[in-house]
Amino acid sequence: MGISQIQQLIGGMGVSIQIFTVTLVFSLPLGLIVAFGRMAKNPALQNLVKAYISIMRGTPLMLQLMVVYFGPFYLFGIKIGNSYRLWAVFIGFTINYAAYFAEIYRSGIQSMPAGQYEAAQILGYSKSQTFFKIILPQVIKRILPALTNEIITLVKDTSLAFTLSVMEMFTVAKALAAKGTMAPLLAAGIFYYVFNLLVAVVMEKAEKKLDYYR
Amino acid sequence: MNILEISHIEKSFGNIPVLKDISLSVSDGEILSIIGPSGSGKSTLLRCATMLETLDKGEVRYQGNRAVWADNGGNVQFAPKKELKEIQRLYGLVFQNFNLFPHYSVMKNIIDAPVHVQKRKKEEAAKEARELLKKMGLEDKADAYPCQLSGGQCQRVAIARALALNPKILFFDEPTSALDPELTGEVLKVIRSLADLKIAMVIVTHEMAFARDISDKVIFMADGVIVEEGTPEQVFASGNERTQAFLGRYGDILK
Numbered sequence: 112m113g114i115s116q117i118q119q120l121i122g123g124m125g126v127s128i129q130i131f132t133v134t135l136v137f138s139l140p141l142g143l144i145v146a147f148g149r150m151a152k153n154p155a156l157q158n159l160v161k162a163y164i165s166i167m168r169g170t171p172l173m174l175q176l177m178v179v180y181f182g183p184f185y186l187f188g189i190k191i192g193n194s195y196r197l198w199a200v201f202i203g204f205t206i207n208y209a210a211y212f213a214e215i216y217r218s219g220i221q222s223m224p225a226g227q228y229e230a231a232q233i234l235g236y237s238k239s240q241t242f243f244k245i246i247l248p249q250v251i252k253r254i255l256p257a258l259t260n261e262i263i264t265l266v267k268d269t270s271l272a273f274t275l276s277v278m279e280m281f282t283v284a285k286a287l288a289a290k291g292t293m294a295p296l297l298a299a300g301i302f303y304y305v306f307n308l309l310v311a312v313v314m315e316k317a318e319k320k321l322d323y324y325r
Numbered sequence: 005m006n007i008l009e010i011s012h013i014e015k016s017f018g019n020i021p022v023l024k025d026i027s028l029s030v031s032d033g034e035i036l037s038i039i040g041p042s043g044s045g046k047s048t049l050l051r052c053a054t055m056l057e058t059l060d061k062g063e064v065r066y067q068g069n070r071a072v073w074a075d076n077g078g079n080v081q082f083a084p085k086k087e088l089k090e091i092q093r094l095y096g097l098v099f100q101n102f103n104l105f106p107h108y109s110v111m112k113n114i115i116d117a118p119v120h121v122q123k124r125k126k127e128e129a130a131k132e133a134r135e136l137l138k139k140m141g142l143e144d145k146a147d148a149y150p151c152q153l154s155g156g157q158c159q160r161v162a163i164a165r166a167l168a169l170n171p172k173i174l175f176f177d178e179p180t181s182a183l184d185p186e187l188t189g190e191v192l193k194v195i196r197s198l199a200d201l202k203i204a205m206v207i208v209t210h211e212m213a214f215a216r217d218i219s220d221k222v223i224f225m226a227d228g229v230i231v232e233e234g235t236p237e238q239v240f241a242s243g244n245e246r247t248q249a250f251l252g253r254y255g256d257i258l259k
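Going down the list, the protein sequences come from chains A and B. If you want the numbering used here, it's the 1-based position in the first sequence plus 111. If you want the numbering used here, it's the 1-based position in the second sequence plus 4.
If you're looking for bench data, these hints aren't it; they were derived computationally from the structure. Beta carbons are placed, not taken as given, at the ideal position from N, Cα and C, and that holds for glycine. Among the hints, a few may not be true.
[Stated by the list, open to error] So these bits of chain B aren't anywhere near chain A, every CB distance computed over 12 Å:
| id | residue |
| --- | --- |
| 1 | Lys24 |
| 2 | Glu57 |
| 3 | Gln67 |
| 4 | Ala74 |
| 5 | Asp116 |
| 6 | Lys126 |
| 7 | Glu127 |
| 8 | Arg196 |
| 9 | Ala213 |
| 10 | Ile230 |
| 11 | Gly234 |
| 12 | Leu251 |
[As the list claims (entries may be wrong)] Just so you have them, the derived chain A footprint on chain B, three or more residues with Cβ under 8 Å:
| id | stretch |
| --- | --- |
| 13 | 83-94 |
| 14 | 99-109 |
| 15 | 149-162 |
Chain B extracted, bound-state conformation (with noise of 0.2 Å):
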């Protein structure tokens, strides 16, 4: 099945027009990078599907479900606030600048929304959240402060965090861009492993080599619309003028 259905979104900016009938679809599992330039409207598309924007046009569901759209008339609805809760479970996204609660602990930020949103039993969650961390790489850092981290090692907590909700897609927005090479790496190779977990993966990524690797799906937008979408293999040995222009730029480090 379907995890992510998204159909004809239309977003705009006052009179700029950022996403112009953008249509996807995620199943189970399934592991789908989006390349390109900045302002293409990648970011947008990720705020569209996790309701953090709203949309001017199309719908968004999860599972089958509706849980925005915009109808007949313009008017942007919601699915039924507790239908809207079951949805908003579904789905975690990863922010590009993190977005870690500077006030908590590394082990408050990973287990407090289990805890007093998920109404989970504090120990089982500690229990899972030390787990996590450990996959993680930062087993020694539950009663550190975000502040007292590097970015690479707080973007792992706040991976930790999402994963720590059980959705069954995740979404990643630029998850290295405000990091150095080095930091990125780290980042990265924590992402790779989560591809067992088998959970959907949405990735806004402007690692190319990391979106060729690690995706089952890859798309390309430029300008609001998807100009290409396909395999890795397809879309990185693509014909496309437009598609060939981007790539090229990082020609040698796809060879």
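In isolation and in its complexed conformation, chain A is listed as follows (with noise of 0.2 Å):
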């Protein structure tokens, strides 16, 4: 590999990372608004939630972001332009990713013991004093493992922003190697591994972290 491809390679990480680190900063709290409309009172808006969920569960990411993409001309004709591309990759990733993660929450919230609600409502919390201070500190405890489950498909999943040509890591991996040489995959491959190795660390220090109360 010359010094050109290794440029371009570094280039295509830095796409990668940076759709990894968009989808995750949008997803988590945008998770979090579904999860409250998928446990919503109002049936209405309960299934509304749950078909979005199913929805983004039910079919392929590939297929989200092609629907992200091509939507706006095919539906309203509007234009799109060469830097949609990238965009297009953020939104389908996040709206994706918000729905596994609602799922997560609503996991661990719905795990949580009435008591500690009842305790708090005796103690004249607010109901999003109730939720932040009490209530959510002990669901993300609880959910971390799950996270970081998802958190690590996530890093693998970036890779699929190549469906719209995105110059990220796998995309430039592959168009190197086409000129014949295995050598950018397997960089690729040692890059994917590297990072979730990072996650992996990274979450389980925050798992030592909370590990002071059960």
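From the two separate chains plus the hints, produce the assembled complex.
Structure below.
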């Protein structure tokens, strides 16, 4: 591999990390909002959110990315520029991962004993104080292992941006490999592996940090 | 004045009536014990009084103000939000299984609500909390987490947490039922020591000797009704068949 190939790979790496970061930053809070919708008492809202989660989980992310990218043109006739590619990836990933995170949040929230809510109510905490001070911190501890799983999947899923020809790690590696060498693909493999190793280490640290209580 | 007045409360779970026309009152500083077999509605009564459960009929008043009631159409009404908040400041509840916040230290469990709900100064709340912990015999546990404590210690922290909000009336829902006899003793000792705080207490308990010794008034409940009400002497020496049948099991302890 020459210098320019290595530079291209590093560029791809940057884009992959960007997709990963943007997706996490937006889908983690969005997932919480979706979880609230999923648990809403209003049946219309609940069913709407259920349908959304069902579609996000039931169809390939690759297809969802294409819908997000081509949808504006085919549905509304909006002309899409080249710069929209990366945005479509951000949007597609965020709404897909928010659905998965929502279900993880929901499992955590519903596993909380009623006594915690009751104690908070008796002590006079408001609903939002109860959720953010008492419930959510404990939920996070409970769902951390499941979150780790999902985040590791996200690292590998960033390669699906290849569908929209976004020049992330995998797209670059594949293009370079087409010129007759395995080395770029090997480099990509190492990149994903090391990235995930890092994710696992960070998440383990977080779990340890929350180990002070049961 | 009566701190608590419960009038003609009824409550069913599905088709099963749990409380049938219950009325009682607690005056300032009075200690009331509620005894009776499991499933007689004692806990449900406390949960209705503390608004953890909504009643079907009747009303609950604190210091004469209506907190929750069922109107003529059978709809449950609550006092206006602001008033309700004031009313909720008047009472505290100690749970059977403590319900401490596991992610908070003992100190934070006690001062968090005074600081973030009652908006009191943190230093002041912490100072009071340390005094409460001393009273509970837990002065060295301020920095511990609930998972590091025994059940009896947890329950004492829970009592301190309830007291930190300065309630006028404190409800205990079988405070020692989750504890072994040794730990039960230490918790009961602490509750006894509260008698001079002049806080009204309503204690649902299976500890008959304790109820007899500490209470100003005892209520015996069975099958969702108040069978008997009176001073400990009256109730424990009652000739009522149902009361006798229940207390008979405790005969030896009470002699």
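**Message:** Run through the hints listed earlier and report the numbers of any the structure violates, in increasing order.
**Reply:** 2, 5
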